[in-house]
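Using the sequences and the hints, build the whole thing.
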Amino acid sequence: MQQIPIVIVGGGASGLFCAVQIAEKLGGKNIVILEAGKRVGTKLLATGNGRCNLTNLRASQEHYHGDVKKAEVLLQKYSPESVIESFRKIGLLCREEGEGRVYPYSMQASSVLNLLRARLQLLGVRECCEFEVVKIQKDGDGFLLSSKSNEKIRAQTCILATGGKSSAKFSSGYDLLRQLGHTIDSLKPGLCPIFVCEQQKIRTLKGIRARGMVTLLRKGKVIACTMGEIQFTAQGLSGICIFDLSGKALSGDHISLDLAPEYDVKTLKSLAEACDGSLQGVLPKALAACCTPEDCKHLQFTVQKTAPFQNAQITVGGVPLDEIDESCESRKVRNLWILGELLNLNGDCGGFNLHWAWITAMAAAEKISKEGIK
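Heads up, the sequence shown is in my numbering, so the first residue is -13 and it goes up one at a time.
Keep in mind the hints are simulated off the structure, nothing from the lab. Among the clues, some could well be false.
What the hints assert, rightly or not - Here are the simulated lysine-lysine pairs, DSS-like style, with alpha carbons at most 25 Å apart:
id, residue 1, residue 2
1, K55, K121
2, K291, K252
3, K11, K356
4, K63, K353
5, K207, K283
6, K360, K318
7, K75, K11
8, K138, K121
9, K138, K205
10, K234, K187
11, K63, K271
12, K124, K318
13, K192, K29
14, K75, K15
15, K75, K353
16, K283, K271
17, K318, K138
18, K11, K353
19, K356, K124
20, K138, K360
21, K353, K15
22, K271, K255
23, K121, K360
24, K138, K124
25, K55, K234
26, K11, K360
27, K63, K356
28, K192, K291
29, K192, K121
30, K121, K75
31, K291, K187
Structural data, given as structure tokens:
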């Protein structure tokens, strides 16, 4: 049986970055990354439409949901600038592309993954792919990890960085955490389309895009509002502004669209009267054909459900942050660290979730590096 000082379960953003940070201080020969898939970093290649929205210069509490208050210390300690500087130290240049969004200078996610892997190779970190950990047990001060094919590895320090249920077909992190006694808050898809009940109406609008204000309502109470481009699909609504509401949406909620937020109904009526009663001068033709001025201000749909995990960018829910310390070490199990999407914190679109992945990795690596090899 292999005896490894530090095992990282999951070769995604947080796992790879954490490995680099630790290896820089303690050397890579002490670290093994266990990845269930055929290669590491698969999801990272798809982020930001293949461009990898690394972080956001506006990253702060107001862009996060879940155990936000408990994440305050981490978000304040590790700024977007510190993330950018950490990447610069390993050779990656970044650029801002508006609204605080930060990308690799090449605008290619592959640059980020290739650089991380090259650094890990240089430092001597081992990648062990197609090793799906299905069982984890405490073994003295360390851990005994078993794969699907019953291979076993003993680790002194274990870092769980498997990503959420949206990551891929492999999402065993939550099961492993339950095996070790951790709580998992209710999991649901996040940053995904919303399906609506009004199927006949929505099908006639399929393919239309319009800008507007989107309000999520529950029993008449405003839950959240966003502004941006709304995409009408065959089953419901999509677009970044819809994604940002999806984590809060429940079946039976209502979504109200204001498709001309700068104008009131009276102004819209006068515009319609000037165009044979139509709002073609305000909205796309197909949308104008089914919208009165009143509809334009309050076009309402009923939430049927959110899209499934395979259509989601993130998972909402996870391990409550009061079960970890400020370095992301478990308060329940010594020498266990929990990173990124496994925790009950999720961000808006725009680089906020990758920022969380990087900073949880930085926090864990800082403490592990200080404690040294055990």
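Now the hints, each set against the structure:
1. K55 x K121: Cα-Cα ~32 Å, so violated.
2. K291 x K252: Distance ~34 Å between K291 and K252 Cα, so the pair is violated.
3. K11 x K356: The given pair, whose Cα atoms are some 9 Å apart, holds under the 25 Å limit.
4. K63 x K353: holds, 14 Å
5. K207 x K283: This hinted pair holds, its Cα atoms lying about 17 Å apart.
6. K360 x K318: holds, 19 Å
7. K75 x K11: Roughly 14 Å separates the two Cα atoms, so the pair holds.
8. K138 x K121: holds, 9 Å
9. K138 x K205: Measuring from Cα to Cα gives roughly 52 Å; hence the hint is violated.
10. K234 x K187: holds, 24 Å
11. K63 x K271: Since the Cα atoms of K63 and K271 sit roughly 50 Å apart, the hinted pair is violated (cutoff 25 Å).
12. K124 x K318: This hinted pair holds, its Cα atoms lying about 12 Å apart.
13. K192 x K29: Not OK: K192 and K29 at ~28 Å, beyond 25 Å, violated.
14. K75 x K15: Holds, at roughly 21 Å.
15. K75 x K353: holds, 20 Å
16. K283 x K271: Within the cut-off at roughly 17 Å; holds.
17. K318 x K138: Answer holds: K318 to K138 is near 23 Å, not above 25 Å.
18. K11 x K353: Holds - the C-alpha atoms of K353 and K11 are around 11 Å apart, at most 25 Å.
19. K356 x K124: holds, 23 Å
20. K138 x K360: Cα-Cα ~20 Å, so holds.
21. K353 x K15: Cα-Cα ~18 Å, so holds.
22. K271 x K255: Given pair K271, K255 holds - Cα atoms ~16 Å apart, limit 25 Å.
23. K121 x K360: Answer holds: K121 to K360 is near 22 Å, not above 25 Å.
24. K138 x K124: holds, 13 Å
25. K55 x K234: The given pair, whose Cα atoms are some 17 Å apart, holds under the 25 Å limit.
26. K11 x K360: holds, 14 Å
27. K63 x K356: Given pair K63, K356 holds - Cα atoms ~17 Å apart, limit 25 Å.
28. K192 x K291: Distance ~18 Å between K192 and K291 Cα, so the pair holds.
29. K192 x K121: Outside the cut-off at roughly 45 Å; violated.
30. K121 x K75: violated, 36 Å
31. K291 x K187: holds, 17 Å
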